[in-house]
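**Q** Sequence:
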Amino acid sequence: MSGGIIGKFIYFWAFIIGVIVFGKIFGFMDDTKTSIIVLIAAALIYIIWTIGREKAARRREEKAWEEQQARIASRKKGGKRR
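The numbering used here puts the first residue of the sequence shown at 5, with every later residue one more than the last.
Calculated directly from the structure, the hints in this document are not laboratory data. Heads up, a few of these hints could be off.
Stated by the list, open to error - Restraint ranges, calculated between C-beta atoms of paired labels, are given here:
1. Ala45 <-> Phe13: 14 to 22 Å
2. Arg75 <-> Thr36: 54 to 62 Å
3. Lys81 <-> Tyr50: 19 to 27 Å
4. Ile14 <-> Ile76: 49 to 57 Å
Said to hold, decoys possible - Computed cross-link-like contacts, DSSO-like style, restricted to lysine-lysine with a CA-CA straight-line distance of at most 27 Å:
5. Lys12 <-> Lys28
6. Lys80 <-> Lys67
7. Lys12 <-> Lys81
8. Lys37 <-> Lys59
9. Lys12 <-> Lys80
Ideal placement from N, C-alpha and C gives every residue a C-beta, glycine not left out.
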């Protein structure tokens, strides 16, 4: 579910609601100006975090593919010759 756009949308709003709840509990979202700043900062953090996770996953996939291609190439070199 998290891979699709709907999952990302749901996780984003769950994160923002969590920020609001904890902000109210710890008392740093008392006035409107502070609340807006905290929510914008939280949204930016979430977006940067999500982009970083996607890039890391893409790099892991590319590395795994390259390792697989290297294993295939080494098998072809080491085979019996006629």
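**Q** It remains to establish, for every hint, whether it holds in the given structure.
**A** Status of each hint after checking the structure:
1. Under the hint 14 to 22 Å, the C-beta atoms of Ala45 and Phe13, about 20 Å apart, fit the expected range.
2. Between Arg75 and Thr36 the Cβ separation comes to about 58 Å, which falls inside the hinted range of 54 to 62 Å.
3. At roughly 47 Å, the beta carbons of Lys81 and Tyr50 sit outside the given window of 19 to 27 Å.
4. Distance hint check: the CB atoms of Ile14 and Ile76 are about 40 Å apart, inconsistent with the given range 49 to 57 Å.
5. For the hint linking Lys12 to Lys28, the alpha-carbon distance of about 24 Å falls within 27 Å, and the restraint holds.
6. Between the alpha carbons of Lys80 and Lys67 the distance comes to roughly 20 Å, so the proposed pair stays at or under 27 Å and holds.
7. Only pairs whose Cα atoms come within 27 Å are accepted, and Lys12 paired with Lys81 is rejected, the gap being roughly 45 Å.
8. About 33 Å separates the Cα atoms of Lys37 and Lys59, which puts this hinted pair outside 27 Å; it is violated.
9. The hinted pair formed by Lys12 and Lys80 fails the criterion: a straight-line CA distance of about 42 Å is larger than 27 Å.
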